[in-house]
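K.L.:
As a plain string of letters, each chain reads:
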Amino acid sequence: MNKKIWFKTAFILIVFALAVSPLFASGSQEDMVTTYYDADASVESIVVDAATKGQVGNWGIGNEYEIQALLTKYGQPTTYLSQAFDMDGFDDDSILLASAMTYNELGLVKNSYDGGYGYGDTVSYIDMNDEGVAMLEDNIFCNAEFAAENPETVKAFVYASMKGWEYACANVEEAAEIVYNYGSSVSAEHQLYMAGEIKKLVETDTKGNTVTEYGKIDKEAVLQSMELAKTYVKLEDSVAAENLSNLTIGDLVDSSYWEAAAASNGDFDVEKSEITVQLKWLPQAQFMGYYVALDKGYYDEVGLDVTVVPGGGDIGETTAVYTGQVDFGVTWIANLMAANAGGMDLIEVAQVFQRSGIVLVYKLN
Amino acid sequence: MSDRKEFSLNKNMISTAVYPIFFGLFILLLWETEALHKIIDADTFTLPVPSRIIGIIAENLPSILKNTKATVQVAVGGLVLGSLLGYLLAMIATAFPKWGKGGLTIVSAFNAVPVIAIAPIMTNLTKDFSRDPNLRSMLAKTLVVMLLCTVSMSINAFRGFNELKPFSEDLMKSIAAKPASVFFKLRVPNSVPYIFTALRVSVPGSVIFAMVSEYFAEYIIGVGRQIRENIVLAQYATAWAYIAAAFVIGVTMYIILLIFENILLRGRR
Chain A
1 MNKKIWFKTA FILIVFALAV SPLFASGSQE DMVTTYYDAD ASVESIVVDA
51 ATKGQVGNWG IGNEYEIQAL LTKYGQPTTY LSQAFDMDGF DDDSILLASA
101 MTYNELGLVK NSYDGGYGYG DTVSYIDMND EGVAMLEDNI FCNAEFAAEN
151 PETVKAFVYA SMKGWEYACA NVEEAAEIVY NYGSSVSAEH QLYMAGEIKK
201 LVETDTKGNT VTEYGKIDKE AVLQSMELAK TYVKLEDSVA AENLSNLTIG
251 DLVDSSYWEA AAASNGDFDV EKSEITVQLK WLPQAQFMGY YVALDKGYYD
301 EVGLDVTVVP GGGDIGETTA VYTGQVDFGV TWIANLMAAN AGGMDLIEVA
351 QVFQRSGIVL VYKLN
Chain F
1 MSDRKEFSLN KNMISTAVYP IFFGLFILLL WETEALHKII DADTFTLPVP
51 SRIIGIIAEN LPSILKNTKA TVQVAVGGLV LGSLLGYLLA MIATAFPKWG
101 KGGLTIVSAF NAVPVIAIAP IMTNLTKDFS RDPNLRSMLA KTLVVMLLCT
151 VSMSINAFRG FNELKPFSED LMKSIAAKPA SVFFKLRVPN SVPYIFTALR
201 VSVPGSVIFA MVSEYFAEYI IGVGRQIREN IVLAQYATAW AYIAAAFVIG
251 VTMYIILLIF ENILLRGRR
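Protein chains in written order, with full-length UniProt numbering: chain A, 1 to 365; chain F, 1 to 269.
By construction, these hints were calculated from the structure, which means they are not laboratory data.
The structure presented is a predicted model; accordingly, all values stated were derived computationally and were not measured.
20 Å max Cα-Cα, derived SDA-like pairs, lysine to any residue:
hint, chain 1, residue 1, chain 2, residue 2
1, A, K110, A, D88
2, A, K230, F, I231
3, F, K165, F, S181
4, F, K69, A, E236
5, A, K234, F, F45
6, F, K66, A, S238
7, A, K234, F, G55
8, A, K53, F, S130
9, A, K53, F, D128
10, A, K219, A, G132
11, F, K165, F, R266
Example chain A residues on the side facing chain F (calculated, C-beta under 10 Å, incomplete):
hint, residue
12, I61
13, A240
14, T323
15, N335
16, G343
Backbone N, C-alpha and C fix where the C-beta goes; we use that ideal spot for every residue, glycine too.
Go ahead and model the full structure; you've got the sequences and the hints to work with.
P.N.:
Printed below as a string of C-alpha cells:
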C-alpha cells in the first residue's frame, strides 16, 4: 500500500499549522510593557495618554456618554474600547482607563474578597462628578399615561420606596443582608461594600452636598444630564434625533408625585394595588431600597402588592414599562431620553441616585 | 417534448418562486397598513412599518454599509478558512481511519459549545495579537466563525470521502489503482455534494455566528452589534433597519451558494 500520499498530506498540514500558529501566540512581548500613572498626575494627562493609546474602556449600550463628555473636555476623540462586564481587560492592561461603577466594579478591582482583583491602594480613579460631566443614574419612572390614571398608586409607590431607601441608608449592613437573601448575584461581602457605596450616591449630590430628602428631583442635575445626553446620544433615526434635541425637562420629569409623597402621611387610596417594578440590573444592593421596602412591609402599609423583577444583560427596562409588562422601572436619564425620543412617553417620578456612580479607574506606578 | 419540459419548468417556477413572492408582498402589505400589528397585537413602536424602516436605511446608508461590510468580512473570512480547515481535517481522518473517525467525533463536540461561550474566550485569546482593537476584534470574530464552520465541513466531507457507491472502491482496487488515484478520482468527486450539504448549514450559520460574536468584541462595529445597541436604547426603527441589513446579507450569501451549487452539481442530480 502506498502511504506516501498520506505522509505528504500530513507534512503539508504540519507546515500549515506552524504557519498559522503565530496568530494564536502572544504578540511581541517587548511592546507589552505598560507604564501606569503617577499618583500626582493630572486628570488631563491621564485621559490624554490613555485616549492617545486607544485604551479607554466602557461597556457602551448607553453607559458611554459621561466618558465621551470627559474625552471631549480634554480634546480627545470620543471612541472607546468595548469593555466586558468583568474587569479582566483592566487587569491584563488591554484597558488603561477602565469604566467602573463605584459600588460594583471599583470594589471588585480594589477588594480581595471572592471575585475581587485585590488592587487595594495601587489604583486610583477619575470621578465624573468632580469633572462636571456627571449624568443622573437610577431613578423611578413609569408611563406618563399610567401616572395620570393612577396618581395615588404612583405616590404610594414613591412614598414606600423612599421609606425603604431611608431605612436602607440608615442600616446599611441589614439592607445588604436583606438584598442578599432576596437572591443576590454577588457575594455577601461585595453586597455589603456595594450597600455602603450606594448610600453615598443616594445621600450626596453631584457637587458633594448632603441630600436629606430621598428621591428628590434635582432640576439642575437633570438639566446637566439632558444637556450631555443631547450632545452624546447619537441616534441614526432622524425623526428620533429631532425629538431628542427638542426634549424639555417637562417631557421627561414630573416631580409632583414625589412632592405629594414627601408631604403625605402615608395614607393613599391606590387605584391599582398589584404593582411590578423592573430593575435595571441583577438583584444587588444597587436596588436595596426596594428590597428593604418589600422586606419591611412598607409597600403593604400603603396598600401595594409589589413584585420586584430583576434585570440583567440587555434587559430593556424602558420597553418593559412602555409595553405594560411592568408598571414601574429603574433606569438612567439618558436611557429615558433615548426612549422618549424614539416615541415612548415615559416620565420620571423620583430620582434615587443624586450623583453619578461612574468612575474611570487606572493603575498607579 | 422539449416544449412540454419548458412548460413544466415554468409551472415549477411559479410554485417555487412566484407564490412565495406574492405571499411576501401580501405580508408586507399587511405590515405597512398596520393590519399585521392588529393580528399579532404589536405596536408600531416595537414593530415599525416597512416604509419607515426603508426611510432609515436610505438616510443612513453609509453607516449601514460600513457595518454590513464588517459583518460580511468576518462571516465570509471565517466561512472560507473554516471550511478549508474542515475539509483538510476530513482528509486526515480519511487517511488514518483508525483514529480519524473518533477524532472527528471529538471535533463535532465543538458544535455543542454555544457561540456565546466561544466568543468571549476568543476575544481574550487574541488581545495580544495587535495594538489595533479593530484588527484584533476582527481576528477574534473570524476565529469564532471559523471554528464552527470547520466542524460542519469536516463531518460532512468525511462522509463524502467514505460513503462511496457500492463496489466503486473494489473496482478501483481491482484495476490496481494507487491510493492517490482512489482519493482524487473517487473520493474527492464523491465529496462535492457533501461539501454543499455542509455549506448549506455553514453559510447562514456564519452570518449568525459573526453577528453574535460582535456582541463580545472589543471594537464596536457590525450589524449584530448595532441591533443590540439600538434595542437597548429603545431605537427599534433603527434596530429594524439593521435587522433588514442582516436579512439581506444572509439571503444574498445563500443565493450565491445556491448558484454555485447549481453550476457545480449540474448533471449529478
